[in-house]
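Asker: Here are the chains, one letter per residue:
2 protein chains.
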Amino acid sequence: MSHDQAVVKAILDGARAAGRASLNSTESKEVCDAYGIPVPKEGLATSSGEAAELAGSIGYPVVLKIVSKDILHKTDAGGVLTGLTTADEVVQGYEAICQSAREYKSDADITGVQVQQMLPAAQEVIVGAVTDPSFGKLVAFGLGGVLVEVLKDVTFRLAPASREDALSMIDGIQAAEVLRGVRGSDPVNREALAALIENVSTLIADFPEIHELDLNPVFATKDSVTAVDVRILLTKELPEPRPRPSQQEILASMVRIMKPKSVAVIGASGEEGKIGNSVMKNLINGGYKGEIYPVNPKADEILGHKCYKSVKDVSDAIDIAVFAIPAKFVAGALEEVGQKGIAGAVMIPSGFAEVGEIELQRDMVAVARKHNVRVMGPNIYGFYYTHENLCATFCTPYDVKGQAALSSQSGGVGMAIIGFSRSAKMGVSAIVGLGNKSDIDEDDLLTFFEQDDNTQVIAMHVEDLKDGRAFAEVAQRVSKQKPVVVLKAGRTAQGARAAASHTGALAGNDKVYDDVLRQSGVIRARTLNDMLQFARGLPVLPTPQGENIIIITGAGGSGVLLSDACFDNGLQLMSMPKDLDAAFRKFIPPFGAAGNPVDITGGEPPITYRNTIKLGLEDDRVHALILGYWHTIVTPPMVFAKLASEVVEEARAKGIHKPIVASLVGDVEVEEASEYLYDRGIVAYPYTTQLPVDVLGAKYRWARAAGLL
Amino acid sequence: MSHDQAVVKAILDGARAAGRASLNSTESKEVCDAYGIPVPKEGLATSSGEAAELAGSIGYPVVLKIVSKDILHKTDAGGVLTGLTTADEVVQGYEAICQSAREYKSDADITGVQVQQMLPAAQEVIVGAVTDPSFGKLVAFGLGGVLVEVLKDVTFRLAPASREDALSMIDGIQAAEVLRGVRGSDPVNREALAALIENVSTLIADFPEIHELDLNPVFATKDSVTAVDVRILLTKELPEPRPRPSQQEILASMVRIMKPKSVAVIGASGEEGKIGNSVMKNLINGGYKGEIYPVNPKADEILGHKCYKSVKDVSDAIDIAVFAIPAKFVAGALEEVGQKGIAGAVMIPSGFAEVGEIELQRDMVAVARKHNVRVMGPNIYGFYYTHENLCATFCTPYDVKGQAALSSQSGGVGMAIIGFSRSAKMGVSAIVGLGNKSDIDEDDLLTFFEQDDNTQVIAMHVEDLKDGRAFAEVAQRVSKQKPVVVLKAGRTAQGARAAASHTGALAGNDKVYDDVLRQSGVIRARTLNDMLQFARGLPVLPTPQGENIIIITGAGGSGVLLSDACFDNGLQLMSMPKDLDAAFRKFIPPFGAAGNPVDITGGEPPITYRNTIKLGLEDDRVHALILGYWHTIVTPPMVFAKLASEVVEEARAKGIHKPIVASLVGDVEVEEASEYLYDRGIVAYPYTTQLPVDVLGAKYRWARAAGLL
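Residue numbers (numbering that gives the first Met the number 0), protein chains in the order written: chain H, 0 to 708; chain G, 0 to 708.
In case anyone wonders, no lab produced these hints; they're calculated from the structure. Mixed in with the good hints, there may be bad ones.
One copy or any two copies: either way a pair holds, since identical chains are not told apart in the list.
The calculated lysine-lysine pairs, modelled on DSBU-like cross-linking and capped at a C-alpha distance of 30 Å, are [claimed, not checked]:
#1 K481 to K613
#2 K585 to K327
#3 K585 to K273
#4 K151 to K465
#5 K424 to K641
#6 K260 to K273
#7 K273 to K641
#8 K273 to K308
#9 K339 to K465
#10 K585 to K221
#11 K8 to K235
#12 K221 to K151
#13 K297 to K311
Bound conformation, chain H alone (with noise of 0.2 Å):
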């Protein structure tokens, strides 16, 4: 579809010249034409002749209607007529309402009558657009009519959209099988309505200046979609673009940040606790290999390292400085670290705009920009990267490396993380906090983690994204290569927007985020304790290369809940094939049940688990397991970690890898067993049939949204 840009650029230009806020309904009209968004066809008539004519070229049945300025209801003024069928009627119907209008208005200034095409019947749907303040121009699409306005079913997408993100508007509302056609009714031609939001979305992205727009309703038949009533909302003013270095200059700060040669503590001191104490105490203590140079007018070594007054004192190259002295001091000392040419300021103070100091933040990045030095916070905990052995925090040394990178916005949530990670033994890449995010935030983090070998996994606390466009557009590139979880909070904070538009209206802040997210690849979790689970659990869990299912269980009732957890998670129980069924029937005593669970029965001893297990591990149909143990005498705990361990051992040694996860209800040595078996690449939870699948369900997300099912 080839877009005129010409047209609307002319029209909005007009519109905005002349100090308008939105386009008047031919103007409107004009652009939707410009975009091919198909508007019921219409002309002006003066004469009864002119009309017929019309009403001939447009098709019947026609609709008139009175253009008057005079007239603002043309309802009560008898100027409309509808359903007219004949050249005849047009004819008539022309006299007779113009007569109705002088009738009741006799000075009324008559322009002439809109000969207008009439739609037939049909699903009515609503096609938009909004400016978002994180996400920019996003498009959006909902049925229309008063129960979806109450019941808010509404999708967005950033634009401009695909024809696939279209189609996946299309199918993603609740209520999308209503276009599909129900009780005999047609289905809507799904091409044109995607080809309309994909138009729309085109519209909105080339010209910034339209700020919001409804189509409502537009009319989707299984023949084609029109767009009865346009709106077109124009900005009062466009935003600044938001300073973005290249991808690849942001890598090459990045990198020299987050593994640093050599680590500058202004503010470092001698004094138990001290925040400059504590950073040079974690830097020494947990065995990071660079060079330390403390940095403080008023000593000359502390802990063993000589100390500098200024890190321009400093011969060698520096990456980054960790900052540990009160806000007010901060602009002086970036100063000089700026002029040092080093890549990063983790900046640890707080009294920023946290509390208020706008300025004092605003003047830092300010300094900070002008040098080129990226900053991480203010106002944070710090960051810790296990591979270097880097704990750049004044927090406890956090040393169990993995594969999960972390980051908070919040302090509060990045101690639940250390926590957390070491009491699960949870192996981390890094832990960063970003604190006000006046510089570095999520994108910045994702850049680096994307080439990080050491990072499988990224998890990400965000409380507001100060770039939602630029976050969406690296994350949907990184999320194809690792997963990437996001717990947002503030989730429920509806945003109190001023809306203008009913589009704008249904803009609520988390159903943007919602889709969005989704729409990026993102794997959003609802919880901290999800966040945290999924960081744990999606790099020990292969990618499924399958849909196919098999729940395996010991306990009749655990196989009930599981299914439930399956069916929450939108994963497929595979539908059993008799030869499967069969082999899996011949392990299994005959009261038990095949078929999917494959429910083993209790009382079973450990050659029946490890039987069942091999079976569906071997069998090329089956794509992911999830086991339900039962704690009995004939196969304690123990016994189960160890022959479901050795099982996957052996299958991994043929080169068969599948993701599974376990269910363990017991007495207490089933957390012994759970650990044993996590420990060896079984994601496995005691006394939850719900949590081992919730992690399954994250990993087939990711594996859909990044394309590898």
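Following the hints, complete the assembly by docking chain G onto the known chain H.
Answerer: Here is chain G on its own, set in the frame of chain H:
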């Protein structure tokens, strides 16, 4: 509203006598008339004069429809006229449609013309009734239209439903807002609609022979409601009523069973590894103080207790017999148990209905019924009643006394209860296996726990309710006194019901469970872990006295997540009174945020936590507190735990009892601190902001349903 039962009975009897499975349109409307269910006014006219007269009495506008057994498609025959507004139009219309009919089919036998009230435009809703295999008669309500059919937005209540139930249905559907009037439209007449729902529910409750009923659509306006189309389906055969002892009889048996003075073990054994040996050991090692009578024809003494050949050889009374013999020997031994007047048989053996041996189970139950022996199981682990030190089970002994009674239908889930309880140090009063539920089921247990002073919360894992109606009735009563938590497994297995009616098709099994459980005041747990956490936490929390909740947090990030969790749980963050806000501000740094959450900021000393928690506890307007603790060096975890516990203790000394929950984020020391708090009545968890609020939410749901709020 008086109901004319005689009229309905005559109609139903007539239809059933004629072997019909449904009522015809006239009968259906007569049934509606008899139960005060408004239907359109109508009558049959056999002359144009009569038609005009009828129309006059009905009120204009009216609809005319040809009535002829020879004309099936009235519209095709020109046999329908709508919107007639005068007597003249009716007279002419009568003649016109009779003529059209004769032209359409010259030999048509014309009975006359139906004159019908023409209803104004209205909101369409559906009211219906179904017969559920477990819950019996249910009344249903939903919005009409295709969209609602797709969204399945419908709600159910046990019939008969009260006026209050009916109103809760109108308010309880997702799209309830539509009925309250949106976009300037009028609200529907709630009272009239509720009356109609109530009448439908009474009708189906009065006449079990009505199997399903559809009023679809019902037209609802601001003035009135009218059932436009009525469909009544009759049942083929009435189900046998389930034999139920009286509440008094149930209680008499259950008290003897749960708190027995003496226990016989049928199949007791001295041989290690036998179930009869494990049961003996658990009774003895569990510390049971009553008499223990091992029964085994082949032994004289087992584990120091005199052994009997039969229970009949024991001279003293026996309360329960624990069975540890193979299924095939059960009936014989049970006969002797019955003759001995034993109250309950704890039927551990498997090999009954769960493996297809339905006859064997039926025979066993028949023996029990004959002698008035209540049977627990079969196919169970047994049960625990800790306050009598009773472990009537072959599993491990459990002895942590507390106030939570739990039951499970599945043995696996039972083992999860035991493991979790031991690990979380959750005191329990009882753990009961229900297995095949051949006799004793959840309502029997509820009847016992209702009056058991050792039990303050009841949590049940349920796969199916044999008699959902009885359960709901008992639960409704018991939940007024003590929280009843239910984990309904298999919630996603939609019953494949043969649906002859529209309402029937909408009655997915789980939706019915969800609505009826809520109507019964039951707190539904979504997952096994939720059930366990609710059982643990609910007795710990005092009952809230109002809806005003305050979050006090050291971590702003936790505050946001805790607010999200409040929204999820339908909890209200108190809108902070000015004076209280000012009072909080006195204690927190100037850059902290009062309002709600109260953000005391991270670096604060213990006194700030102390002052703010004390203020929240002592202000009468605040009803519950949610604490967000952030691990810092200034206020380490155990310091926080101790101070919070002290403040709560001080408040209790003053007679202040408010529910408090806490989320602790930080390094691993927060685990010990959480346990410390939990032990002292503050429901606290590490690394999660969701779970503490979920438990508080469950307490609120219960308190509201029990009418305490």
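Asker: Each hint: holds or not?
Answerer: Hint check:
no. : hint         : result
1   : K481 to K613 : within (29 Å within a copy, 47 Å between copies)
2   : K585 to K327 : between (75 Å within a copy, 26 Å between copies)
3   : K585 to K273 : between (68 Å within a copy, 27 Å between copies)
4   : K151 to K465 : within (26 Å within a copy, 39 Å between copies)
5   : K424 to K641 : both (20 Å within a copy, 28 Å between copies)
6   : K260 to K273 : within (25 Å within a copy, 66 Å between copies)
7   : K273 to K641 : between (48 Å within a copy, 26 Å between copies)
8   : K273 to K308 : within (18 Å within a copy, 79 Å between copies)
9   : K339 to K465 : within (29 Å within a copy, 78 Å between copies)
10  : K585 to K221 : neither (52 Å within a copy, 66 Å between copies)
11  : K8 to K235   : within (16 Å within a copy, 72 Å between copies)
12  : K221 to K151 : both (25 Å within a copy, 25 Å between copies)
13  : K297 to K311 : within (16 Å within a copy, 94 Å between copies)
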